[in-house]
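Visitor: Combine both chains into one complex, guided by the hints.
Residue numbers (our numbering), protein chains in the order written: chain V, 111 to 208; chain A, 826 to 1068.
Careful, some of the hints might be misleading.
Cross-link-like lysine-lysine pairs, in silico, DSSO-like; alpha carbons within 27 Å at most [unchecked claim]: (1) A:Lys882 to A:Lys860; (2) V:Lys192 to A:Lys890; (3) A:Lys896 to V:Lys166; (4) A:Lys890 to A:Lys941; (5) A:Lys957 to A:Lys941; (6) A:Lys896 to A:Lys882; (7) A:Lys882 to A:Lys1011; (8) A:Lys890 to V:Lys166; (9) A:Lys959 to A:Lys860.
Note that these hints are calculated values from the structure, not bench results.
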Amino acid sequence: MLETLLASEVTGDLLVLFHRNPGLIDTLDSVARRIGRTGNSIEEDVRGLVNLGVLKTRRIGRSEVLLLDRARDREVLDAIAKHLRNLEGVEKIDNTKF
Amino acid sequence: MLHGGFMEGDAVMVAGSAGCGKTTLALQYLVNGVKLGEPGIYVTFEEMPDQIYRDAKNLGWDLRKLEENNKFRIVCTSPNLMLESEGESLLDESFRDIEPRRIVVDSLSHLVMFVKESELRREAYRLIMHLKTKGISSLLVWESPQMTGGSFAVTEVGLSFLVDCIVALKPVEIESSMRKALVVLKMRGSDHDKRLREFEITPTGIKIESAFTNYEGVITGSPRRVASEKFMDLFRGAAEKRK
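Just chain A, same shape as in the assembly (with noise of 0.2 Å):
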């Protein structure tokens, strides 16, 4: 989908609702690193890191073992920690220890409880350009209400402009049944696949099905079938009866 992954030292926002599998990606994400000789960080303001720990067993991946290693760090924390902006940041013992080239931040949503919204949009500014001035890829959680209607909006403060590249994760209702949607809605210097893809949280992680492409409306929260396909139905209804 993204024509060889995401570019280094990029700020990656990923969206969407809750349970939509967020964190799922991003862990997957810096344990892929990890596989790629690159530490990274997670930072949590809410999940405890135990919890963490635990549903990430669940998926086949080892995060104490990889703290032991030196290439994985869980720093558990509160938003307004992770703001301070005099003297030694939060981050720089985890800086020294393991070298990371990438960083979760999960999510950059909290920040909203300490700082006003008008100056939302220049602390997360001021964030993503302290970890590209390090040179640390990141990928910031935003836990988005459902993008519903004719509305395609990411986040409300306007934080979609300082990012380079826009996932978008989303439930979807097709024939009674809840599935998950995954769109790359924005991609700085390089092109990627525009399709909605399905998607499935498996046992090793999060595995991209096929596009939907027999559906249009899906991320709009109403999914009907395209013509043709209704009309294959109704074609297919009709051979089965003279059957």
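Same shape as in the complex, but just chain V (with noise of 0.2 Å):
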């Protein structure tokens, strides 16, 4: 999960979008212009997050939309602090043979 999370810039900025903007519901091509992009440069990117669960989409007339589950959310925080404790826990490891 954390390589699809950290595999490129556009998955962080989409990732940091709608972390802090949970209650964002939005087309493709919106999502995109908040972040300063185009749709078509984070297709890639949105499919991952969907495919991880992060994202969801569903379809709101004629239009599909993206937004957050909220509960997949909290589970990615969580991975994402054990990783970065654990890495903590390597770093002091290596400090100690200095």
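Guide: Structure (structure tokens):
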């Protein structure tokens, strides 16, 4: 999971956007505009996040919209926090060597 | 001013130019609703939720906490999605999650970008009636240019007839300082204060002050002291000179 989350800058931007704005419900193009990009340039990253379950898609009339899965977002944050704690632990072990 | 507040299920329009406190008033309406046990939804088309959380926190309102407790939701979206009429509505999930009694749409003016002017009134009517059918009281923000001269028109597209209550906010210049004025222009089914009153945005939200009783022409953009006040000033001046 972390490999996907840390795969690209766009994925990072999307994660930050949706995490800070959990009530964002918008089309691919509009979401892209909100991080200063185009729909085409974020499509692959969005697909990755949808496959991970961090983002959900819904059909509103003729449009498909993206939104955050709040429960999954919390799981992801926990996973990242755990990963960072592990990294800190490794660094501490490394420091004892010197 | 409202002799007991907005009436349940009513559609209220808050109109005013940029920076006059519409968003603060709208958020305060929802936060007060939560205190009364009425969950609320804030729909924003332009401002991002993280800015709204931050600004609200400066006024002592922790909106993230209200969201965690399922008392409040911010929905940030595009106006065209709000107008979709087929299948599930954009707000259905939030309606299911928190069963709101109040909603704010900030702002209705953004719909102008997606529908023809001639269709705006019909679309706004559909939105208002959708909310009324669900028994949700709505507060619709309208960005209006300054009301100046003799015109008291709030919108140029005839939306004033669709809502039950209209509150107009307006910055006014009096004696070289900018002050904020508020007036209830319309309220169906209830009496209300007809006077133009000053308001301030304090660290705890909007506070209504006294009426501009000593001035006339405030809403038209040319405030001037009423004659009796001018006379009193002259009288005070003369008394000072005698001393």
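Visitor: Now tell me, hint by hint, if it's right for this structure.
Guide: These are the hints, each one checked on the structure:
1. A:Lys882 to A:Lys860: Measuring from Cα to Cα gives roughly 16 Å; hence the hint holds.
2. V:Lys192 to A:Lys890: holds, 24 Å
3. A:Lys896 to V:Lys166: holds, 22 Å
4. A:Lys890 to A:Lys941: This hinted pair is violated, its Cα atoms lying about 39 Å apart.
5. A:Lys957 to A:Lys941: holds, 24 Å
6. A:Lys896 to A:Lys882: holds, 16 Å
7. A:Lys882 to A:Lys1011: violated, 31 Å
8. A:Lys890 to V:Lys166: holds, 23 Å
9. A:Lys959 to A:Lys860: Holds: lysine 959 of chain A and lysine 860 of chain A sit about 21 Å apart, inside 27 Å.
Violated hints for the displayed structure, listed by number in ascending order: 4, 7.
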